[in-house]
Amino acid sequence: MREDFYILQDGILKRKENTVYFENKEGRKILPINKISSIFAYGNLSFSSGVVSYLSKEGIPIHFFNYYGFYEGSMYPRETLISGDLVIQQAEHYLNPERRLYLAGKFIEGACGNILRNLRYYARNREDIQEAIESYATSIESELSCLEGAKAVPSMMRTEGKIRELYYNALDEIFPEEYRIIKRTRRPPENKMNTLISFGNSLVYSTTLSEIYNTQLNPTISYLHEPFERRFSLSLDVSEIFKPILVDRIIFKLVNKNMLGGNCFRGEIGNMLLSEKGKKIFLKEYDEKLKTTIKHKGLNQSVSYKRLIRLELYKLSKHVLGAEEYKPLVMWW
Amino acid sequence: MSDETTKEKEKSFDGSLSEPERSIHAEVFLGSVRITGVKVNYYHVCETKLWLFSHNISLEKESDNVAIGKMLHEDRYKKNSKNITIDGISIDFVKTGKKLEIHEVKKSKKIDVADRAQLLFYLYFLKKKGIDAVGVLNYPLLNKTEKIELTPEDEAITEKDIKNIKNIVLGSMPPPERKRICSKCAYKEFCFCGDRDRV
Numbered sequence: 000m001r002e003d004f005y006i007l008q009d010g011i012l013k014r015k016e017n018t019v020y021f022e023n024k025e026g027r028k029i030l031p032i033n034k035i036s037s038i039f040a041y042g043n044l045s046f047s048s049g050v051v052s053y054l055s056k057e058g059i060p061i062h063f064f065n066y067y068g069f070y071e072g073s074m075y076p077r078e079t080l081i082s083g084d085l086v087i088q089q090a091e092h093y094l095n096p097e098r099r100l101y102l103a104g105k106f107i108e109g110a111c112g113n114i115l116r117n118l119r120y121y122a123r124n125r126e127d128i129q130e131a132i133e134s135y136a137t138s139i140e141s142e143l144s145c146l147e148g149a150k151a152v153p154s155m156m157r158t159e160g161k162i163r164e165l166y167y168n169a170l171d172e173i174f175p176e177e178y179r180i181i182k183r184t185r186r187p188p189e190n191k192m193n194t195l196i197s198f199g200n201s202l203v204y205s206t207t208l209s210e211i212y213n214t215q216l217n218p219t220i221s222y223l224h225e226p227f228e229r230r231f232s233l234s235l236d237v238s239e240i241f242k243p244i245l246v247d248r249i250i251f252k253l254v255n256k257n258m259l260g261g262n263c264f265r266g267e268i269g270n271m272l273l274s275e276k277g278k279k280i281f282l283k284e285y286d287e288k289l290k291t292t293i294k295h296k297g298l299n300q301s302v303s304y305k306r307l308i309r310l311e312l313y314k315l316s317k318h319v320l321g322a323e324e325y326k327p328l329v330m331w332w
Numbered sequence: 000m001s002d003e004t005t006k007e008k009e010k011s012f013d014g015s016l017s018e019p020e021r022s023i024h025a026e027v028f029l030g031s032v033r034i035t036g037v038k039v040n041y042y043h044v045c046e047t048k049l050w051l052f053s054h055n056i057s058l059e060k061e062s063d064n065v066a067i068g069k070m071l072h073e074d075r076y077k078k079n080s081k082n083i084t085i086d087g088i089s090i091d092f093v094k095t096g097k098k099l100e101i102h103e104v105k106k107s108k109k110i111d112v113a114d115r116a117q118l119l120f121y122l123y124f125l126k127k128k129g130i131d132a133v134g135v136l137n138y139p140l141l142n143k144t145e146k147i148e149l150t151p152e153d154e155a156i157t158e159k160d161i162k163n164i165k166n167i168v169l170g171s172m173p174p175p176e177r178k179r180i181c182s183k184c185a186y187k188e189f190c191f192c193g194d195r196d197r198v
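Chains as they are written, first to last, in numbering that gives the first Met the number 0: chain A, 0 to 332; chain B, 0 to 198.
Note that these hints are calculated values from the structure, not bench results.
Small disclaimer: the values here were computed from a predicted structure and weren't measured.
Glycine included, each C-beta is placed from N, C-alpha and C at the ideal position.
Incorrect hints may appear among the rest.
Each pair of labels, with its calculated beta carbon distance range [unchecked claim]: (1) Met156(A) to Arg177(B): 35 to 45 Å; (2) Glu78(A) to Glu176(B): 22 to 32 Å; (3) Thr84(B) to Glu16(A): 26 to 36 Å; (4) Arg185(A) to Arg177(B): 38 to 48 Å.
In silico DSS-like links for lysine-lysine, alpha-carbon gap of 27 Å or less [said to hold, decoys possible]: (5) Lys187(B) to Lys294(A); (6) Lys296(A) to Lys187(B); (7) Lys69(B) to Lys56(A); (8) Lys290(A) to Lys109(B); (9) Lys183(B) to Lys296(A); (10) Lys143(B) to Lys109(B); (11) Lys127(B) to Lys183(B); (12) Lys128(B) to Lys109(B); (13) Lys106(B) to Lys290(A); (14) Lys178(B) to Lys34(A); (15) Lys294(A) to Lys69(B); (16) Lys326(A) to Lys187(B); (17) Lys288(A) to Lys187(B); (18) Lys326(A) to Lys146(B); (19) Lys294(A) to Lys143(B); (20) Lys34(A) to Lys69(B); (21) Lys106(B) to Lys34(A); (22) Lys161(A) to Lys252(A); (23) Lys108(B) to Lys326(A); (24) Lys34(A) to Lys183(B).
For reference, chain B alone in the conformation it holds in the complex (with noise of 0.2 Å):
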């Protein structure tokens, strides 16, 4: 879906001048990483995670946060059809009236910037499809729905946020970082299974 090809504004992810060095798959991936939904989230939540994911790397089948969050998605919401894929991109639910709803079910108890970060980029998405929707985010243990629309200013955000994340998946493994969040990530064994104190 995208036309843009090795001419790509590069990020340094140490912080320095030099070009990050490419994963060896580069030139076969460069201008066809496919963004999704979860790519965008991760992106916001840690970018080790979003690498790992990207390159097949996934974890998520022995996490129980995430068995958790499947579940609760496939109870809470039995009523609507789910999971609605449009060019690889998958929605959890939608509903149609005025405007089109796109749903996402989240089972976390805090509102966070990396789901609204996600629904956005769907919107993004049917938007330049020429669909108008609107989205609402799910927190089924919060009892909490939130609405959320577009800005231009959105916009521009996700666009951005998309050429970061294809920078990130062409480079190199994004060395593992320790934050609030790893604790409950189920990368936290790969990434710090190295990381002890030795007699």
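Bound conformation, chain A alone (with noise of 0.2 Å):
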């Protein structure tokens, strides 16, 4: 199994004849070629064309983070999987406006489902806010049962931002007031959570990136975001289900452990960072939670959440050849 490969300090890549080496004043380290499924690079990378050729050949892109952890761009190495037949229906299946809607909606019917099982999970031991979070719960079904009407994707796209507004909501009465959410902001992120999210989005977007690199999907066409608001747009789709799944208990986990303490996080309120210390910590966390593994029923063998996003891919590609409707994952376990 091909691992994520994490770089956090400054330094350059250099390729000798077939390997890989990543170097910095405190020494030289051997990239596993073979093992690596992708590369996040959150230092400052120097590399020559030679190190680009190399990776791009093997199929591993690099996905870039600036200074703050905000994504900026990936090496998405050239297409080798393409099936002209399934671009097509992908294509057709964004032109055509039912479709389009079906798919749209089902984004947010994932999402939102998996939204509902980590507020009903995290408020099952707190009796004190146990019935203000059912209430969230309840306003959330409701405003996700306004999506059956809807006509066009902008008002879908309402309804799901009217759906995270009601989670944040929600959550700032689960977490401590340290942690609270208030309002979502992103550039800068304001305080210690809207970073924490902020961070682990850049994070499941290149990760499902990577993914749908590794099949025959074309990542410029998808259905809830439009296909020409960021290069990749289709990563955005997808990510919106399996943000609740990984970022969301990631951040859970960290608060709830009170895994966060002095020099996670660097700047002020208003223009809050997490720091190298508090990316590390986050990104082992992150690393961890995508090898986790649980029985998928249907496969009878064990998946990991890493794997379930693949899979996800595979019952988008299945659903616009025709084969078999698409239902968006929500968390069965």
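Relying on the hints, combine the two individually framed chains into one complex.
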């Protein structure tokens, strides 16, 4: 099983024959090329075209994040898996308004299903807030039911926005004061929770993109988000389903277990960022989460959370090929 | 290589009498579905696999079984010239002697109808080109070979196979069915990813 490789330090990637090294003043490290699925670069990275062509040939994308931990872009190897038929069908599902709405709605439905699972899971042992959380959950469910009548994607997006807002309000009930979201802010994230959400979301986006690269799906044709919104907008669509499963659960753990002590954040309220130590802790949890396995009944085998993303993409492929209607993943465990 | 046009006899996939739904590329593909040995093999294994493979939805890249097969092939028969390609038909290796020998290497541990059909297809293809050959299936893991010759019956079966393959490829994706071989198939996750009980 290939693994993701995270580079937090500044340094140089060097290729010497068919070995890639990461080098800086602290030392030299070999990148085991056959064992890497993607590279996540958080530091300042220099590399030659020789490295790029080699990684490209091996089908390994590099995702770049800036100083603040925001996603900046990817070195996406040239496509080798192209199915003309699938791409045409994928586009057809975008162009046909009814079909597009169906898929857009399914992504929200999946995200929402997982959001509800999270809320109920974390409120289970908290008698003091249970009632409040349940009332948020009911409001979310009723928002979700509006989706059925939606006639255009923008109105679906509004529904999604309302669901998120309710969700964040509900989370504020659960989290200790230090970690209240209050209002979702992005660039810059204004407080700790916003920082954690932003950092995690860009990770999920990148992981999903890497998985898309390994399928025949075209990453630029999307349904909920407009294809011109960002370059790889299909990744945004599919990420919606996995954000509550991966990011939010990691955050719950980090906060509940008080794993983010001093030095994990830097900056101030209004412009809060993860420090290198904070990033390290988050990335470690993220990597472990992706490797965690659960039993998949259809396949009758254990699959990792990361693999679930791939399976979701297979489901989408089958949907556009007309073989099986897409139903989004909602945590069954 | 084929000159037939729209008047191909259609086979119904779900057993009903209605015309099968055609893929949107059917008109472009029609009469030009390229038949290869692997497709003939897959046709005997699973129609869904044949369809997906033919539509370039390939998952073999990640399959350990495929990787082992490739290594075995490269390692075991180093001396022989490999992968002869004639008109897009790729043959593992050939030996020349009294009669041309077409070799196909299989990693499987049992001799299989699909392997046989694949080799018969090569022989049929060569015969159409005026080349008389015999086939040999190599099973290095069994230390066994099997010689295969093309009989008139085999020829008729191969022709029928080719027609069926075209029909399947031109149709819409055959829904996956659970079979015994699924557990070893590179497409397993693709086929059964959504198929699970919900809580």
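Against the 27 Å threshold, does the CA-CA distance of Lys143(B) and Lys109(B) hold or violate the hint?
Answer holds: Lys143(B) to Lys109(B) is near 10 Å, not above 27 Å.
Quickly compare the C-alpha distance for Lys69(B) and Lys56(A) to 27 Å and report which way the hint goes.
holds (19 Å)
Does Lys187(B) sit within 27 Å of Lys296(A), going by the straight-line distance between their CA atoms?
holds (13 Å)
When you check the alpha-carbon spacing of Lys128(B) and Lys109(B), does it fall within 27 Å?
violated (31 Å)
Against the 27 Å threshold, does the CA-CA distance of Lys326(A) and Lys146(B) hold or violate the hint?
violated (49 Å)
Satisfaction of hint between Lys296(A) and Lys183(B), Cα-Cα up to 27 Å
Judged against 27 Å, a Cα distance of about 17 Å means the pair holds.
Assess, step by step, whether the Cα of Lys187(B) is no farther than 27 Å from the Cα of Lys294(A), and give holds or violated.
Within the cut-off at roughly 15 Å; holds.
Is the straight-line distance between the alpha-carbon of Lys34(A) and that of Lys183(B) 27 Å or less?
Holds, at roughly 22 Å.
27 Å limit on alpha-carbon distance, applied to hinted pair Lys108(B) and Lys326(A)
Answer violated: Lys108(B) to Lys326(A) is near 38 Å, above 27 Å.
Does 22 to 32 Å hold as the CB distance between Glu78(A) and Glu176(B), or does it fail?
holds (31 Å)
Under the criterion that the straight-line Cα-Cα distance not exceed 27 Å, is the pair Lys294(A), Lys69(B) satisfied?
violated (31 Å)
Holds or violated: Lys34(A) to Lys69(B), with C-alpha atoms at most 27 Å apart
At roughly 19 Å apart (the allowed maximum being 27 Å), Lys69(B) and Lys34(A) satisfy the hint.
The structure is inconsistent with the numbered hints 8, 11, 12, 13, 14, 15, 18, 19, 23, although it conforms to all the rest.
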